[in-house]
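**Q** Chain by chain, the residues:
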Amino acid sequence: MTRVGVVTFPGSLDDRDAQRAVRFAGAEPVALWHGDHDLQGVDAVVLPGGFSYGDYLRCGAIASHSPIMREVIAAAERGVPVLGICNGFQMLTEAHLLPGGLIRNDHGSFVCRDQVLRVENASTAWTNGYTVGQEITIPLKNGEGGYIASAETLARLDGEGLVAFRYVGVNPNGSLDDIAGITNARGNVVGLMPHPEHAVEAGFGPDTPLAMRSGVDGLTIFRSALEAVLAA
Amino acid sequence: MPKIVVDVMPKAELLDPQGKAVAGALTRLGRSEFTSVRVGKRFELTVEGPVDADVLSAVREIADDLLSNSVIEDVVNITVVDEAGEHSAASASGVLA
Chain X
1 MTRVGVVTFP
11 GSLDDRDAQR
21 AVRFAGAEPV
31 ALWHGDHDLQ
41 GVDAVVLPGG
51 FSYGDYLRCG
61 AIASHSPIMR
71 EVIAAAERGV
81 PVLGICNGFQ
91 MLTEAHLLPG
101 GLIRNDHGSF
111 VCRDQVLRVE
121 NASTAWTNGY
131 TVGQEITIPL
141 KNGEGGYIAS
151 AETLARLDGE
161 GLVAFRYVGV
171 NPNGSLDDIA
181 GITNARGNVV
191 GLMPHPEHAV
201 EAGFGPDTPL
211 AMRSGVDGLT
221 IFRSALEAVL
231 AA
Chain R
233 MPKIVVDVMP
243 KAELLDPQGK
253 AVAGALTRLG
263 RSEFTSVRVG
273 KRFELTVEGP
283 VDADVLSAVR
293 EIADDLLSNS
303 VIEDVVNITV
313 VDEAGEHSAA
323 SASGVLA
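So the protein sequences, as listed, match chains X and R. Start counting the first sequence at 1; every next residue gets the next number (the numbering used here). Start counting the second sequence at 233; every next residue gets the next number (the numbering used here).
Keep in mind the hints are simulated off the structure, nothing from the lab. Be careful, since some hints might not be right.
Chain X residues, not near chain R, derived (Cβ > 10 Å throughout) [to be verified]:
#1 F24
#2 I148
#3 A155
#4 A232
Simulated pairs of lysine to aspartate or glutamate, DMTMM-like, Cα-Cα distance not exceeding 20 Å [as the list claims (entries may be wrong)]:
#5 X:K141 / X:D55
#6 R:K252 / X:D106
#7 R:K273 / R:E293
#8 R:K273 / X:D55
#9 R:K243 / X:D177
#10 R:K252 / R:E315
#11 R:K243 / X:D106
#12 R:K252 / R:E276
#13 R:K243 / X:E152
#14 R:K243 / R:E305
#15 R:K235 / R:E265
#16 R:K273 / R:D297
#17 R:K243 / R:D284
#18 R:K235 / R:E318
#19 R:K235 / R:D286
Being a predicted model, the structure only gives us computed values, none of them experimental. Heads up, the beta-carbon is just placed ideally off N, CA and C, and yes, glycines get one too.
So here's chain R without its partners, still in its complex pose (with noise of 0.2 Å):
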């Protein structure tokens, strides 16, 4: 079955505690090539038949409603992924259009 995936980012002016938090492991581990961590979150919605105009504006409402909340995150990417594994871009979501 297709599966949409839905990446949801913290917006970039805000702090990220736990990016931070990970970049400071980073620091310790002796790895200060990386400057910056950011954490986000990835969505998986499993579809039943196929992925059509009516499914991807359901996701993108989905998307915007529950699975982020626009004062504190962007959503970022909305992918279909077919049952081959094939990767396509859904298209950008109401946050980026």
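Pulled out of the complex, with its shape left as it was, chain X reads as follows (with noise of 0.2 Å):
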């Protein structure tokens, strides 16, 4: 069975919606420990949400130097598919592993809503089962889910198809260019603001014109992965 492994870092919230929702996708999840230097041979690997270190510094800045993060990125050059949500996302740009930054919402406060996504790259490790164009609803919830880039990088992931995900309707932080999400170029490297995790089990996702609550668009994100890793 493919194992994917979730890092446990101190503030971390969602980390057991995370396995929660890889166990649901099909794949047995790993629980992995910030302060190890150990990803006990993972096929994949999932950043969560949270408030790691307390947003001390910058978000995610301290958990993007953490032990296990050496060898996330050392897997991430591999090609190991790794996800980042919301703390997770925060710390790939820490850790240079995706371009840009995010910074507090431009309106100053924090946002929770069922977010409206644009699919733009559906050949990601962790986009794959969504089709380019594709509109999905997950739930979102960050004070600091801006995300900014210099012109020159905003235009190298328009041009080279780097945006994974884009807000529809609403855009709910101030990004630039409506970014909710981005990849790296060899697209085993995903982070975005939503949470997926959040939207993987009918009664506890967003509201669907079908039923409330109903909504389990997030489950694909990590369907993908599964099927990018017996692909590879």
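The task is to assemble the complex, starting from two chains supplied on their own in separate frames and drawing on the hints.
**A** If you want it as structure tokens, here you go:
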């Protein structure tokens, strides 16, 4: 069975939710610890959301220098699928696995809502189960989710198809070019601010036109990684 | 023991929501002469032993790699404060050099 590691940092909140999402997708979740140098041979890694180190210094900055991150960076460079959700996305930018950075929301407030996203790149390790242009709804909850990058980087992301997800309807945090998530050139590393792990089980996801809380659009992200691992 | 002070500011061209909130508070206090506020960070690193070229170069590296993120921030100042509290500019960081 495909094994997907979920790293717990001091201050991680959604590590258990991410493990659960991995299980719903049909893989075996493996709890990994920030202070270890051991990825336990997992096939893919999830850096979960939360407030690692209390968001001290900069969101994700201290976690990005933790022992396990050396192994995550090395694995990412070997092509192992790595997903960063929210605080995990912030860690990926701080670790320079993804370009740009995330700053406080332009309106200054924490935002929590069911967010519509458009899939812009459906050929990454974490998005291959979607189709380009598909609109999905998953929860978003952040205070520092404003994506920024230099004009040059933004042009490269757009030109090379490295924007994975864009916000649709509402730009909830002032992200440049409505960017909600990006990927690296190889497509194995993806970071996004919204939380796919909160939309994996009917009854506990966002509302849909069919029924309250029935949205499971996030599950495809985790299933995509399984496909990517099997195809590798 | 001597201290090395590192000042980090959000990049000038970026929105600084924290500064904007403080500027809004000033306006509400009737201090309308202040048109903008930017909020940065000050780090004080206490050093054991003398501050030599090696220590300064280590601080510059730390300032660029950990204390700041060059995508969103600039290291604007590195200063050595000796035991008597005298300040001396330790030269600009790699960002400004």
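**Q** Next, verify each hint and record whether it holds.
**A** Do the hints match the structure? See the list:
1. F24: 34 Å, holds
2. I148: 6 Å, violated
3. A155: Nearest chain R Cβ is 15 Å from A155 of chain X, so the label holds.
4. A232: Holds, because the least Cβ-Cβ distance between A232 of chain X and chain R comes to about 31 Å, which exceeds 10 Å.
5. X:K141 / X:D55: The hint holds at about 15 Å.
6. R:K252 / X:D106: 10 Å, holds
7. R:K273 / R:E293: Since the Cα atoms of K273 of chain R and E293 of chain R sit roughly 17 Å apart, the hinted pair holds (cutoff 20 Å).
8. R:K273 / X:D55: 14 Å, holds
9. R:K243 / X:D177: 19 Å, holds
10. R:K252 / R:E315: Violated, because 36 Å separates the two Cα atoms, which is more than 20 Å.
11. R:K243 / X:D106: 15 Å, holds
12. R:K252 / R:E276: 25 Å, violated
13. R:K243 / X:E152: 16 Å, holds
14. R:K243 / R:E305: 5 Å, holds
15. R:K235 / R:E265: Not OK: K235 of chain R and E265 of chain R at ~35 Å, beyond 20 Å, violated.
16. R:K273 / R:D297: 15 Å, holds
17. R:K243 / R:D284: 29 Å, violated
18. R:K235 / R:E318: 10 Å, holds
19. R:K235 / R:D286: Measuring from Cα to Cα gives roughly 15 Å; hence the hint holds.
Hint check: violations occur at hints 2, 10, 12, 15, 17; the rest are consistent with the structure.
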